[in-house]
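A.B. asks: So the sequence lines, in the order shown, correspond to chains A and B.
Under this note's numbering, the residues of the first sequence are numbered 1 to 258, in order.
Under this note's numbering, the residues of the second sequence are numbered 1 to 294, in order.
To be clear, the hints were calculated from the coordinates, so they are not data collected in a lab.
We put the CB at the ideal spot given by N, CA and C, even for glycine.
Honestly, I wouldn't trust all of these hints.
[Claimed, not checked] Reference listing, derived: stretches of chain B covered by chain A, where coverage requires no fewer than 3 residues with Cβ under 8 Å from a Cβ of chain A: (1) 160-174; (2) 229-236.
[Said to hold, decoys possible] Listed below are several chain B residues computed to face chain A (Cβ distance under 10 Å; list not exhaustive): (3) Phe87; (4) Thr97; (5) Arg101; (6) Glu102; (7) Leu136; (8) Ala148; (9) Leu149; (10) Glu150; (11) Gly153; (12) Leu154; (13) Met155; (14) Val157.
[To be verified] Covered stretches of chain A, as calculated for chain B (at least 3 residues, CB under 8 Å): (15) 72-84; (16) 117-124.
Residues per chain, in single letters:
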Amino acid sequence: MTDTPLLKVRDISKFYGARTGCRNVSFDLWPGEVLAIVGESGSGKTTLLNCLATRLMPTSGAVEYRMRDGQMRDLSRMSEAERRFLMRTDWGFVHQNPADGLRMAVSAGANVGERLMAIGERHYGNIRETAGNWLGRVEISLDRIDDQPRAFSGGMRQRLQIARNLVTAPRLIFMDEPTGGLDVSVQARLLDLLRSLVQDLGLSAIIVTHDLAVARLLSHRMMVMKDGLVIEQGLTDRVLDDPREAYTQLLVSSILQV
Amino acid sequence: MTTADLATYNFAYLDEQTKRMIRRAILKAIAIPGYQVPFASREMPMPYGWGTGGVQVTAAILGPEDVLKVIDQGADDTTNAVSIRAFFQKVANVAVTTKTREATIIQTRHRIPEEKLTAGQTLVYQVPIPEPLRFLEPRETETRKMHALEEYGLMHVKLYEDIARNGHIATTYAYPVKVEGRYVMDPSPTPKFDNPKMHMSEALQLFGAGREKRIYAVPPHTEVVSLDFEDHPFAVQTFDKPCALCGGEDVYLDEVVLDDRGGRMFVCSDTDHCEERCANGHRGHLAYDKEAAE
Numbered sequence: 001m002t003d004t005p006l007l008k009v010r011d012i013s014k015f016y017g018a019r020t021g022c023r024n025v026s027f028d029l030w031p032g033e034v035l036a037i038v039g040e041s042g043s044g045k046t047t048l049l050n051c052l053a054t055r056l057m058p059t060s061g062a063v064e065y066r067m068r069d070g071q072m073r074d075l076s077r078m079s080e081a082e083r084r085f086l087m088r089t090d091w092g093f094v095h096q097n098p099a100d101g102l103r104m105a106v107s108a109g110a111n112v113g114e115r116l117m118a119i120g121e122r123h124y125g126n127i128r129e130t131a132g133n134w135l136g137r138v139e140i141s142l143d144r145i146d147d148q149p150r151a152f153s154g155g156m157r158q159r160l161q162i163a164r165n166l167v168t169a170p171r172l173i174f175m176d177e178p179t180g181g182l183d184v185s186v187q188a189r190l191l192d193l194l195r196s197l198v199q200d201l202g203l204s205a206i207i208v209t210h211d212l213a214v215a216r217l218l219s220h221r222m223m224v225m226k227d228g229l230v231i232e233q234g235l236t237d238r239v240l241d242d243p244r245e246a247y248t249q250l251l252v253s254s255i256l257q258v
Numbered sequence: 001m002t003t004a005d006l007a008t009y010n011f012a013y014l015d016e017q018t019k020r021m022i023r024r025a026i027l028k029a030i031a032i033p034g035y036q037v038p039f040a041s042r043e044m045p046m047p048y049g050w051g052t053g054g055v056q057v058t059a060a061i062l063g064p065e066d067v068l069k070v071i072d073q074g075a076d077d078t079t080n081a082v083s084i085r086a087f088f089q090k091v092a093n094v095a096v097t098t099k100t101r102e103a104t105i106i107q108t109r110h111r112i113p114e115e116k117l118t119a120g121q122t123l124v125y126q127v128p129i130p131e132p133l134r135f136l137e138p139r140e141t142e143t144r145k146m147h148a149l150e151e152y153g154l155m156h157v158k159l160y161e162d163i164a165r166n167g168h169i170a171t172t173y174a175y176p177v178k179v180e181g182r183y184v185m186d187p188s189p190t191p192k193f194d195n196p197k198m199h200m201s202e203a204l205q206l207f208g209a210g211r212e213k214r215i216y217a218v219p220p221h222t223e224v225v226s227l228d229f230e231d232h233p234f235a236v237q238t239f240d241k242p243c244a245l246c247g248g249e250d251v252y253l254d255e256v257v258l259d260d261r262g263g264r265m266f267v268c269s270d271t272d273h274c275e276e277r278c279a280n281g282h283r284g285h286l287a288y289d290k291e292a293a294e
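All chains, full assembly: derive it from the sequences and hints.
C.D. replies: In structure tokens, the structure reads:
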């Protein structure tokens with residue numbers, strides 16, 4: 001780990017007219033760190049994530065990112081071209097609904113290869129080989145490489161979306177409820193996969209989830225949000241085992257024990 | 001002014017203000033090769049899809065001294081070509097020809113003449129869908145942004161899909177090209193056989209899409225490169241037989257079904273080129289033989 005954070009977030013607020021999306025959120029994200037943002041629906045988690053990933057313009061505040069050359073850059077001051085380039089090379093965004101992040105009408109191989117082609121890879125054989133490798137890493141068998149994602153199950157689509165995002169070796173991944181809508185056993189496999197990928201690749205990740213089990217398994221640190229504010233943050237185990245705020249205690253105690 | 005004058009059309013059908021507007025769009029298109037310039041396309045006395053864009057471009061650049069040639073799939077004698085030629089004869093009273101060499105303006109639907117075009121000639125294409133990214137990205141706002149930021153990875157996704165499904169790049173017409181190293185352009189549904197002719201052409205090439213309200217251009221001596229992969233390079237169609245009438249090789253051939261027992265012939269799609277070769281004594285195996293007929 002280096003002594004400068006990868007992402008520096010200062011006083012991010014987003015208002016929708018008179019309504020609050022999120023308010024005065026500040027934190028640092030370090031290389032290799034996985035941060036979970038938890039809270040009930042409507043608490044501003046997704047708004048915050050979209051502000052960080054430049055999918056939304058925050059009303060106030062600043063997000064700085066350490067580029068590959070080591071310079072900290074203010075995301076809102078970058079040109080759109082730079083931002084879009086960053087988003088498809090150094091970043092990944094995993095949507096809750098895989099159909100939002102995939103091209104459903106082109107084959108799995110092309111879905112994974114798209115980012116490579118976007119950054120100038122022009123050798124079909126190499127693109128296909130890389131795509132095949134990535135499908136293997138996310139446990140999709142190689143004979144499905146020419147199938148369209150619409151022929152895939154929900155879990156496979158989600159894994160394909162992850163492969164598509166990771167193919168350019170990004171340093172930061174944003175995930176919005178990556179396990180939402182999957183059944184429990186598929187969820188478990190996906191979590192297992194995500195955990196090993198994050199570890200192997202040294203990725204940093206920001207994961208939005210309402211599922212505390214996901215946060216427990218994947219994240220090093222977590223933030224609890226309520227009504228647009230971060231009410232508690234700390235190491236995941238500390239927050240889950242020793243919640244201080246009343247709301248966090250409520251949240252932790254409402255986990256179903258089977 | 002006599003009543004006879006009032007009853008005639010303005011020269012080349014369009015009013016002068018409209019022609020001026022179209023010329024401004026054309027000038028801008030020439031200044032930015034491959035960029036699609038929006039223009040206020042007019043209703044023309046023909047249905048969309050019949051070449052309303054090409055007709056408007058031709059009308060805007062046509063002068064009384066011009067000699068016009070109109071081809072449809074390379075042929076001078078098919079419905080679309082005949083009616084557009086007749087249209088300009090009527091509304092502009094210009095000279096028309098079927099000879100590629102004699103024409104100053106050639107309006108085309110889907111072919112570039114086999115004979116090399118020269119400086120001073122203008123080729124006007126009729127374009128149905130000007131946006132090369134359209135079938136992969138339906139949003140116009142997004143495709144414009146992609147052109148602006150030169151994000152053309154998606155174009156290769158299409159070619160990748162072709163190879164993945166067919167083993168080779170199966171796109172045979174409307175094959176995407178990059179113009180002057182900047183804009184990716186749809187060369188209208190010409191067969192990819194004609195793509196190399198666009199590269200460094202001496203003639204001015206103008207593209208008009210009437211329904212989509214876009215004009216774009218390739219000025220003379222402009223680089224036009226067909227997109228491909230390093231291990232699947234761009235290649236034009238080849239034909240294993242020569243033209244059945246003129247015996248021409250290295251030309252684009254049309255397949256003509258002769259009977260219902262599988263009989264077929266391959267003939268030049270460029271009728272002018274074929275006729276000229278026949279007149280010069282070239283003979284294919286199905287050529288009409290005057291002496292034998294007598």
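A.B. asks: Next step is simple, just say for each hint if it's right about the structure.
C.D. replies: Going through the hints against the structure:
| no. | hint | result |
| --- | --- | --- |
| 1 | 160-174 | holds (count 5) |
| 2 | 229-236 | holds (count 4) |
| 3 | Phe87 | violated, 40 Å |
| 4 | Thr97 | violated, 43 Å |
| 5 | Arg101 | violated, 39 Å |
| 6 | Glu102 | violated, 42 Å |
| 7 | Leu136 | holds, 7 Å |
| 8 | Ala148 | holds, 8 Å |
| 9 | Leu149 | holds, 5 Å |
| 10 | Glu150 | holds, 8 Å |
| 11 | Gly153 | holds, 3 Å |
| 12 | Leu154 | holds, 7 Å |
| 13 | Met155 | holds, 8 Å |
| 14 | Val157 | holds, 5 Å |
| 15 | 72-84 | holds (count 3) |
| 16 | 117-124 | holds (count 6) |
Of the numbered hints stated above, those contradicted by the structure are hints 3, 4, 5, 6, listed in ascending order.
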